[in-house]
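Student: Residue numbers (UniProt numbering): 1 to 880.
It is worth saying that the hints were derived from the structure and are not from the lab. The structure presented is a predicted model; accordingly, all values stated were derived computationally and were not measured. Mixed in with the good hints there might be a few duds.
[As the list claims (entries may be wrong)] Derived DEER-like restraints, expressed as beta-carbon distance ranges: (1) Ser-514 with Met-452: 19 to 27 angstroms; (2) Pro-288 with Gln-419: 42 to 50 angstroms; (3) Phe-642 with Lys-877: 29 to 37 angstroms; (4) Ala-310 with Arg-527: 56 to 64 angstroms; (5) Gln-419 with Pro-767: 45 to 53 angstroms; (6) Pro-38 with Phe-642: 49 to 57 angstroms; (7) Trp-805 with Asp-490: 17 to 25 angstroms; (8) Asn-300 with Pro-353: 19 to 27 angstroms; (9) Ala-781 with Asp-224: 31 to 39 angstroms.
[Claimed, not checked] Derived SDA-like pairs: lysine to any residue, alpha-carbon spacing no greater than 20 angstroms straight-line: (10) Lys-841 with Met-149; (11) Lys-877 with Arg-752; (12) Lys-306 with Asn-378; (13) Lys-380 with Met-149; (14) Lys-376 with Pro-353; (15) Lys-845 with Glu-870; (16) Lys-639 with Thr-792; (17) Lys-380 with His-398; (18) Lys-362 with Leu-453; (19) Lys-519 with Glu-153; (20) Lys-380 with Val-368; (21) Lys-804 with Thr-822; (22) Lys-613 with Gln-624; (23) Lys-613 with Arg-688; (24) Lys-877 with Lys-804; (25) Lys-116 with Thr-67; (26) Lys-116 with Met-149; (27) Lys-519 with Met-149; (28) Lys-380 with Thr-420.
Cβ atoms here follow ideal geometry from the backbone N, Cα and C, with glycine treated the same way.
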Amino acid sequence: MKGKFNRTMVLISVTLLAILVNSCAGLGRKELSIVVDPTVGAAVEHGLSKLEHALEDKNISFERVRTLEEAQGKWVIVAGLASGEGGAAQLIQTENRTAPSVPEALAIWETTWQDKPVWAVTGYDERGLMYGLLDVATRIGWANEESPMAEIEAIDEKPDVAMRAISMYTMNRAYWESRFYDEAYWERYLDMLSQNRFNSLVVIFGYENGGFLAPVYPYFFNVDGFPDVQMVGIKPEEQQRNLEALNRLISMAHDRGIDVSVGIWDHIYRGGVQAGGIPGQEDAPDKPVEGLVWGLDGDNLMPYTKAALARFIELVPDLDGIEFRMHGESGLEEGEQEAFWADVFKSMKTTAPQMNFVLRAKGMAESVIQTALDEKVNFKIETKYWMEQMGMPYHPTHINRENQFDRRHGYADMLRYPQTYQMYWRLWNGGTTRILLWGSPEYARRFTESTMLYNGDGFEVNEPLATKMEAQPHDARPFDLLNEKYRYYDYEFERYWHFFQAFGRMGYSASTPSVIWEKEFESRFGRDAGPIVQEAMHQASWILPRIITSVYNYESSFPTTRGWAEKQRLGDLRHYAAGEGSDIQQFASFDEEARLLVDGGETARIRPSANSKWFEQTSAELNQLIAAAEKAVGETQNKEFFATMTDLKILSNLALYHSRRIPAAVSYRIYVNTKDPSALDEAIAYEREAIEAWQQLVDVAGDVYTDNLMMGVRGVVTKKKNGDSWVQDLGGHWRDELVLLKEDLAGLEQERANHTKTTSTVAHYKPSPTTDVSFQIGHEAVTDIALGAPLTVEARISSPAGIKWVRLRHRNVNQELEYETTPMLPAGDGDTYRATVPPGKINPKWDYTYFIEVMDNEGHGQIYPDLTKETPYIIVKLKR
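Could you put the whole structure together from the sequences, leaning on the hints where they help?
Tutor: Laid out in structure tokens, this is it:
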């Protein structure tokens, strides 16, 4: 009995031991295996770390192995370069797949290996593979723990443009250094850039900084042979800290697949526009000043710059590019520029033959471009896409005549053939979208598409809050954007996550699936409210570009450092009414509509009255979405929801303000042209309504934002060529503008009181029809023609009121030229119209462009293509 008992106990013990061994073996087996190439670079490692963090967040155990044969998990992710020697390349070969074939391209697909489900992630290069890994990590984050792979999708992507850059200024020393030395800040910032597929960061040194970083070199080091050129007060250990911080920033960026360039915009400080409005800095100092460079003058400028630039490149060896400002605002005098740049180009060809250079077009002489070509410098020419503001997402159809024959902005006459350089398009959105939330994937898609003009392969946009602390003392404490009880982020840039999504992801590929941002909106605002907030933000994001394009006063508000459509009322009514917008081909001015009402006539351009209707309808539709979002979120709203609704309400009331001020402006111009005080009566009535809208805006802003939004100069007086002047303010709060609006209204009322005449003119402002005029236009775009061939354009056009005329407007792709007009005559059936541009009109030095104007029998006009839907003209490439 005892022996039987012992045998039984032994069997039980053996069984328990076997169970224990099997259990331990099970505990040791990972749920998921990540098969990685034998060697990977830093960018791929970054993508892998984000993938592993996503798995950890879902409590999924994993292992990292080097071959498929080693994989023990029940799921497998294979990650590697398409041209590598790892598992991903192996799967491409065995499955006879097409590998990603261009830089930054990637592919993700589902397959099996020995009956195990496998997701393969591959890239043409390390950036492409990193983007693929980040995509998988994001989608695992969306899934539940039971089905962690459920959200992963098969994709095959490649970039639409090669360079997608974001730029930042260093306008204020205290604000810049609060970021520069904060490695945690850069970790978050660069993570956001890489997540959204930005691949370039541009740090701009010297831009209306009151002499700070003019030039930048002494901030980092002194130059042998020039002992008298120094930044006053800086210590050697501070210079070393700055140099280490810059190199560390570049290293961190490279670890995330991001290139780093620096903008060297000031070469010497000579006051004037370089001062940036900082009190006491209007003139270059005549004695050493703390924080400014001393000892540089016209005699040593050229030799110092060559030596300093060479030393900079030596001490910052991993720098990817340098962007130069070329003209007088950089401190260079007109007589210095050609010799200065010839010297720099010769030096750089020897010192840094592979360095990428960007040369600013404004004020750059043709001889300087030729010198860069002769020296075989690796360069692109950068130009301002749309003033120093953010207009609609197309190159202006017709820039304002004040700068039609120079290169202040736009492409001017530079898109010549044979092509000897590439263009680099810079959107100065930092003058427009400074503080309010912005995000429109459709805008970003159209913008990116437009940057492909002239075989363009890259763009640059400003970061949000780009001009924060501009024109403030360099030791001033940076302000907090939102008051404390409304903050929901660690760093202010984090509130603009959808801005980075829109430009980064749509800049990479127009085919980016909308689920990328849909999931983010749901995560932040809930499944019910998220889609509504998303729609509202997308709609609201068209308001500011429309303001810039259609009602902006070009002369007064062109510069980033003067105009601010988010916060400025855009001057007193007489200044506002004198504006003509910044695409004078698409939008009629206030004065033009006034003259049409007084004298008669017709135009196919968008009239202010129709523009007013657009702003009014957009405001009303946005208000409906805001109300729906607030209802959907219910009691669960958080700080981010409240702040987002605040911004959307500000934008809605801004649109309402312009919808009401437009008729005030047209009425005021009727008054100016006819001297009839009844038109002034109407202008005053509309202006009161506009002020009511601004009051609503102030009420909505409340105490959410700080009282002094220090984004630039305060109370600067700008003078027009005719002697008129006005005050512009890039600080304070919206309530400060309300005070000025009311003061101007009182002035208008006093002006009216001085008139005794009460007779009414026959001309009154006429609101746009409540229903849209219906034109049916069908046209197959002509996108290329043979060199020396005519351009024939045909369209089918109809309208319930009948067609009065159709015109083809056309010119070479040269903004210095005016559009020619050729009647489009009926051809074939009654709805078909045709026009031909003979070869003699088409200069082969440039490509060609055209659009169509139509007019019905009731005086309603339209331009095709429609700017609200697509680029409002068609580019015709000449097949050379």
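Student: Next, verify each hint and record whether it holds.
Tutor: Quick rundown of the hints versus the structure:
no., hint, verdict
1, Ser-514 with Met-452: 19 to 27 angstroms, "22 angstroms, holds"
2, Pro-288 with Gln-419: 42 to 50 angstroms, "48 angstroms, holds"
3, Phe-642 with Lys-877: 29 to 37 angstroms, "50 angstroms, violated"
4, Ala-310 with Arg-527: 56 to 64 angstroms, "58 angstroms, holds"
5, Gln-419 with Pro-767: 45 to 53 angstroms, "48 angstroms, holds"
6, Pro-38 with Phe-642: 49 to 57 angstroms, "51 angstroms, holds"
7, Trp-805 with Asp-490: 17 to 25 angstroms, "60 angstroms, violated"
8, Asn-300 with Pro-353: 19 to 27 angstroms, "26 angstroms, holds"
9, Ala-781 with Asp-224: 31 to 39 angstroms, "60 angstroms, violated"
10, Lys-841 with Met-149, "60 angstroms, violated"
11, Lys-877 with Arg-752, "55 angstroms, violated"
12, Lys-306 with Asn-378, "17 angstroms, holds"
13, Lys-380 with Met-149, "43 angstroms, violated"
14, Lys-376 with Pro-353, "9 angstroms, holds"
15, Lys-845 with Glu-870, "26 angstroms, violated"
16, Lys-639 with Thr-792, "57 angstroms, violated"
17, Lys-380 with His-398, "24 angstroms, violated"
18, Lys-362 with Leu-453, "19 angstroms, holds"
19, Lys-519 with Glu-153, "14 angstroms, holds"
20, Lys-380 with Val-368, "13 angstroms, holds"
21, Lys-804 with Thr-822, "15 angstroms, holds"
22, Lys-613 with Gln-624, "17 angstroms, holds"
23, Lys-613 with Arg-688, "18 angstroms, holds"
24, Lys-877 with Lys-804, "31 angstroms, violated"
25, Lys-116 with Thr-67, "14 angstroms, holds"
26, Lys-116 with Met-149, "13 angstroms, holds"
27, Lys-519 with Met-149, "16 angstroms, holds"
28, Lys-380 with Thr-420, "10 angstroms, holds"
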